[in-house]
Every structure is written in structure tokens, then in C-alpha cells.
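Visitor: Using the sequences provided together with the hints, build the complete structure.
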Amino acid sequence: RRPGADCHCDHHRQPLRQGRADRRQEEKVPPAEVSSLYDEFLRILAVGPEEKVDMYLYYDKPEYKQLSEGAFEPSVESRILRWEELNNSLWSVTTYIRTENQEEGIDCFHFVGIVDGSWKVMIGKHNIPDDLSAGLDLSRFSYEDELPMEDIQLEPVQ
Numbered sequence: 008r009r010p011g012a013d014c015h016c017d018h019h020r021q022p023l024r025q026g027r028a029d030r031r032q033e034e035k036v037p038p039a040e041v042s043s044l045y046d047e048f049l050r051i052l053a054v055g056p057e058e059k060v061d062m063y064l065y066y067d068k069p070e071y072k073q074l075s076e077g078a079f080e081p082s083v084e085s086r087i088l089r090w091e092e093l094n095n096s097l098w099s100v101t102t103y104i105r106t107e108n109q110e111e112g113i114d115c116f117h118f119v120g121i122v123d124g125s126w127k128v129m130i131g132k133h134n135i136p137d138d139l140s141a142g143l144d145l146s147r148f149s150y151e152d153e154l155p156m157e158d159i160q161l162e163p164v165q
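In this text, residue positions in the sequence shown follow the numbering used here: the first is 8, and each later residue adds one.
Take these hints with a grain of salt, some might be off.
As the list claims (entries may be wrong) - Keeping only pairs whose Cα atoms sit at most 30 Å apart, straight-line, the calculated DSS-like set for lysine-lysine is:
#1 Lys127 to Lys35
#2 Lys127 to Lys68
#3 Lys72 to Lys59
#4 Lys72 to Lys127
#5 Lys59 to Lys35
#6 Lys59 to Lys127
Calculated directly from the structure, the hints in this document are not laboratory data.
Guide: Structural data, given as C-alpha cells:
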């Protein structure tokens, strides 16, 4: 098993825990620049290449980027299921994504937050910087088969 770091890649096959994506709270609409950036990200995710996808992403540690390198698979279907404002600088977006190697897609937890003054997409809660996630309980953004990041041995990046 691998972590829920890059759910648009080939390693996440388990659906969300029952009721996760169906949970309804009062949904807010993200600012135009947030939704536009994420829409652009989804368009690039469908065609690639991996280098272009990476331009939209923020990795909290270089080792986390290492987890996704070479694992890019273009999406053949994507659909935003829900936006949720977590704070003024961070949004969660639950997105259904299916690649050509998947019979059924999966619901992925992505985040869009302000990092170094610009909006970036973060795949997996472990990529959210501490200053954006301070005081937030992100445990609900977990996958059934997700390994805790502390259980994954990563090679230090030079």
C-alpha cells in the first residue's frame, strides 16, 4: 500500500469510507481565482505532461514530491463533487477522478491554498503547510487504505 499522496495516480483503488463524499454542509463557492486554478489543473491533469501538472502543485517537503514522480496517469474523467472552505487561505475540494487504467474512479481529497503569496493545489493533507492547517482537524480527509506518512520511509532529497 502507498499513501494517499497522489490519488490521481494508479495506486489508490479503495473508495472513500461510506458517507464521506455525501456529507453535506452548507457549501460555499470558492473565489474565482481558486476555482479557475483548479479547473486549469484538472484540464492539464487530463493531458499532461507530468511537468505541466507539477506547475500547479505544492509539496510540503521534497520527499513528498518524490512519492509522485513517474506515477502520472492522465485522467479520462474528473468531476468536482464538493468545495469546502477550511479557512481564509485554504479550500478542500473533493473530486472524482478516473484514469484509463481504472474501471471505476475514486473520490480524491485535494486542497487549494495560498503558499508564498499564490494559490497552489495540494494533493493529500500531508502537503498542507502547518501555517495553513493550524487548528484544523484534517482527519476526515483520509482514505481507508492510507498509510500514515510517518510509516513511509522516504529517501532524503539532496
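Visitor: With reference to the structure, classify each hint as holding or not holding.
Guide: Structure-based check of each hint:
| no. | hint | in the structure |
| --- | --- | --- |
| 1 | Lys127 to Lys35 | holds, 19 Å |
| 2 | Lys127 to Lys68 | holds, 14 Å |
| 3 | Lys72 to Lys59 | holds, 14 Å |
| 4 | Lys72 to Lys127 | holds, 14 Å |
| 5 | Lys59 to Lys35 | holds, 29 Å |
| 6 | Lys59 to Lys127 | holds, 13 Å |
The earlier numbered hints are all upheld by this structure, with none contradicted.
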